[in-house]
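Q: Chain residues, written in single-letter form:
2 protein chains.
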Amino acid sequence: MRTAILLYEGFTALDAIGPYAVLSNVPEMTIDFVGKDLELKNPDKGFTSFSVAHTIFTAPPPDILVIPGGAGTSIAAQDKDILQWVQDVHKSSQWTTSVCSGALILGAIGILQGLTATTHWALQTELEAYGATYVSERFVQHGNIITAAGVSAGIDMALHLAREIAGQEMAEVIQLMMEYDPQPPFASGSPRSASPATISLARQIIMQESEQEQKEQARL
Amino acid sequence: MRTAILLYEGFTALDAIGPYAVLSNVPEMTIDFVGKDLELKNPDKGFTSFSVAHTIFTAPPPDILVIPGGAGTSIAAQDKDILQWVQDVHKSSQWTTSVCSGALILGAIGILQGLTATTHWALQTELEAYGATYVSERFVQHGNIITAAGVSAGIDMALHLAREIAGQEMAEVIQLMMEYDPQPPFASGSPRSASPATISLARQIIMQESEQEQKEQARL
Chain A
196 MRTAILLYEG
206 FTALDAIGPY
216 AVLSNVPEMT
226 IDFVGKDLEL
236 KNPDKGFTSF
246 SVAHTIFTAP
256 PPDILVIPGG
266 AGTSIAAQDK
276 DILQWVQDVH
286 KSSQWTTSVC
296 SGALILGAIG
306 ILQGLTATTH
316 WALQTELEAY
326 GATYVSERFV
336 QHGNIITAAG
346 VSAGIDMALH
356 LAREIAGQEM
366 AEVIQLMMEY
376 DPQPPFASGS
386 PRSASPATIS
396 LARQIIMQES
406 EQEQKEQARL
Chain B
196 MRTAILLYEG
206 FTALDAIGPY
216 AVLSNVPEMT
226 IDFVGKDLEL
236 KNPDKGFTSF
246 SVAHTIFTAP
256 PPDILVIPGG
266 AGTSIAAQDK
276 DILQWVQDVH
286 KSSQWTTSVC
296 SGALILGAIG
306 ILQGLTATTH
316 WALQTELEAY
326 GATYVSERFV
336 QHGNIITAAG
346 VSAGIDMALH
356 LAREIAGQEM
366 AEVIQLMMEY
376 DPQPPFASGS
386 PRSASPATIS
396 LARQIIMQES
406 EQEQKEQARL
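Residue numbers (the numbering used here), protein chains in the order written: chain A, 196 to 415; chain B, 196 to 415.
One or more of the hints may lead you astray.
Same chains, same names: a pair is fine if it fits in one copy or spans any two.
Here are the computed lysine to any residue pairs in the SDA-like style, where the Cα-Cα straight-line distance is at most 25 Å [unchecked claim]:
#1 LYS236 - GLN407
#2 LYS231 - THR243
#3 LYS286 - GLN273
#4 LYS410 - ALA361
#5 LYS410 - GLU332
#6 LYS240 - TRP290
#7 LYS240 - PRO255
#8 LYS410 - ALA392
#9 LYS240 - PRO256
#10 LYS231 - TRP290
#11 LYS240 - GLU364
#12 LYS286 - ASN237
#13 LYS410 - ALA248
#14 LYS231 - PRO377
#15 LYS275 - GLU406
#16 LYS236 - LEU278
#17 LYS286 - PHE252
#18 LYS236 - GLN363
#19 LYS410 - VAL221
#20 LYS410 - THR311
#21 LYS231 - SER244
#22 LYS236 - HIS249
#23 LYS236 - THR320
#24 LYS240 - GLY309
#25 LYS236 - PRO255
Treat the hints as calculated values from the structure; they're not laboratory data.
I would like the entire structure built from these sequences, with the hints used as guidance.
A: This is how it looks when you write it as structure tokens:
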């Protein structure tokens, strides 16, 4: 079985590596990182560059597609080549999934129209512009489409997917190997639990990062 | 402030990217990925190669050191150049931290002697060979040394560190931006909650991966 994880300029590393950590432990799974180019010049902060094994023009068709989010998603969601590839892959994939703002790319190819779906909590409006109804769940499944909430939610979604593919026993083994026994130090992981001041500051930073990303990409 | 994340052949991606996701959002933080060579030829499964910005011979001295774990740690923990660098960095670092089997590298430079510490649940014996006492905690702090448990525990540890560096409000904002509101689908994240069969199968796979890694590295 093959999983393709789509990377693009301005993706968020944990969105990709959370599901990767789970799925790379599923028996007989091959993981391909796939990008529009073989080299991302503007990946997440601190990486100088990021190489992928395949471009969207040469990648083997995957059984599972994972689309991470990031400050660059809104730009990727307007890239015709990327959208065409995602559309083609979805025709034959067994599972088509997104993490965080990656849902906007699924929205852009029209497959969330009329469905409930999730994304990062700050992007409800952007998601609903594609005809989906945002729900505040860790992940939402409709047939072979699964959308997950912000960043770290990809881990929970991928464990669910591991169970679908390899059965509950193997999924539990993978959770144990990752020692995924989370103990977040604060009760601020969701807008339901965070204070209004925390929510407001988080929104500001997210908006700044998205603007910064648009400038970076204009410069490239 | 600078964070160096040490990468080596056979590191586990999530061990590095979990803390990275948190620390890269701390205001005015620079993150450097650092390796013995600029190119890792045998990184985690599915990466064809992994480039870092600095080698241990040229990296700027960091304020925070993060040492991830992985199937390659026991080999890295015998590499004189890596050990020398970690020892030098620890002399001036503000925080020296490990995730998962990364604790074995801290053990190898002798700084866990006589302390309680944590690591992946399957590596208690290996950790205690360095004179530490294993405790089953998400992370353990003694002064400026923090050890975290297996793989995903690096996220919880880094949020704690974010509070120490940037205060609780910013740490809560970072948790919210990551939507770190974990909802693991199974109660199998720790040997306390997993079944004996799950624990036994996880141990087998971990042992196989470590043997596989030793063969890979002998081949390089």
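Q: Now look at each hint and say whether the structure bears it out.
A: Evaluation of the provided hints:
For the identical chains of this complex, LYS236 and GLN407 are intra-copy neighbours only, at 15 Å inside a copy versus 33 Å across copies, given an alpha-carbon limit of 25 Å. Taking identical chains as interchangeable, the C-alpha atoms of LYS231 and THR243 lie at most 25 Å apart whether they share a chain (17 Å) or sit on different chains (17 Å). When the C-alpha separation of LYS286 and GLN273 is checked against a cutoff of 25 Å, the pair qualifies only within one copy, where the shortest distance is 20 Å, while the shortest distance between copies is 49 Å. For the identical chains of this complex, LYS410 and ALA361 are neighbours neither inside a copy (43 Å) nor across copies (27 Å), given an alpha-carbon limit of 25 Å.
In the homo-oligomer, the alpha carbons of LYS410 and GLU332 never lie at most 25 Å apart, since the shortest distance is 32 Å inside one protomer and 43 Å across protomers. For a Cα distance limit of 25 Å, the shortest separation of LYS240 from TRP290 across copies, 21 Å, qualifies, whereas the shortest one inside one copy, 29 Å, does not. For the identical chains of this complex, LYS240 and PRO255 are inter-copy neighbours only, at 17 Å across copies versus 29 Å inside a copy, given an alpha-carbon limit of 25 Å. For a Cα distance limit of 25 Å, the shortest separation of LYS410 from ALA392 qualifies neither inside one copy, at 27 Å, nor across copies, at 52 Å.
For the homomeric pair LYS240 and PRO256, the shortest alpha-carbon distance between copies (19 Å) is at most 25 Å, but the shortest distance inside one copy (30 Å) is not. Taking the shortest Cα distances, LYS231 and TRP290 sit within 25 Å of each other inside one copy (21 Å), while across copies they are farther apart (38 Å). In this homomeric assembly, LYS240 and GLU364 come within 25 Å of each other (Cα to Cα) only across copies, at 22 Å, whereas the closest approach inside a single copy is 37 Å. For the identical chains of this complex, LYS286 and ASN237 are neighbours neither inside a copy (30 Å) nor across copies (33 Å), given an alpha-carbon limit of 25 Å.
Taking the closest pair of Cα atoms, LYS410 and ALA248 come within 25 Å of each other only across two copies (23 Å); inside a single copy the shortest separation is 27 Å, beyond that limit. For a Cα distance limit of 25 Å, the shortest separation of LYS231 from PRO377 qualifies neither inside one copy, at 34 Å, nor across copies, at 31 Å. Taking the closest pair of Cα atoms, LYS275 and GLU406 come within 25 Å of each other only inside a single copy of the chain (21 Å); across copies the shortest separation is 45 Å, beyond that limit. Only within a single protomer do LYS236 and LEU278 lie at most 25 Å apart by alpha-carbon distance; the minimum there is 20 Å, versus 32 Å between protomers.
Within a single copy, LYS286 and PHE252 get their C-alpha atoms as close as 16 Å, which meets the 25 Å cut-off; across copies the closest is 49 Å, which misses it. Within a single copy, LYS236 and GLN363 get their C-alpha atoms no closer than 39 Å, and across copies no closer than 33 Å, so neither meets the 25 Å cut-off. In this homomeric assembly, LYS410 and VAL221 come within 25 Å of each other (Cα to Cα) only across copies, at 21 Å, whereas the closest approach inside a single copy is 39 Å. Taking CA atoms no more than 25 Å apart as the test, LYS410 paired with THR311 passes in neither setting, with 32 Å inside one copy and 47 Å between copies.
When the C-alpha separation of LYS231 and SER244 is checked against a cutoff of 25 Å, the pair qualifies both within a copy, at 14 Å, and between copies, at 18 Å. In this assembly of identical chains, LYS236 and HIS249 lie within 25 Å of each other by CA distance both inside one copy and across copies; the values are 15 Å within and 17 Å between. Neither within a single protomer nor between protomers do LYS236 and THR320 lie at most 25 Å apart by alpha-carbon distance, with minima of 29 Å and 43 Å respectively. In this homomeric assembly, LYS240 and GLY309 never come within 25 Å of each other (Cα to Cα): the closest approach is 35 Å inside a single copy and 37 Å across copies.
In this assembly of identical chains, the alpha carbons of LYS236 and PRO255 lie at most 25 Å apart whether taken from the same copy (23 Å) or from different copies (22 Å).
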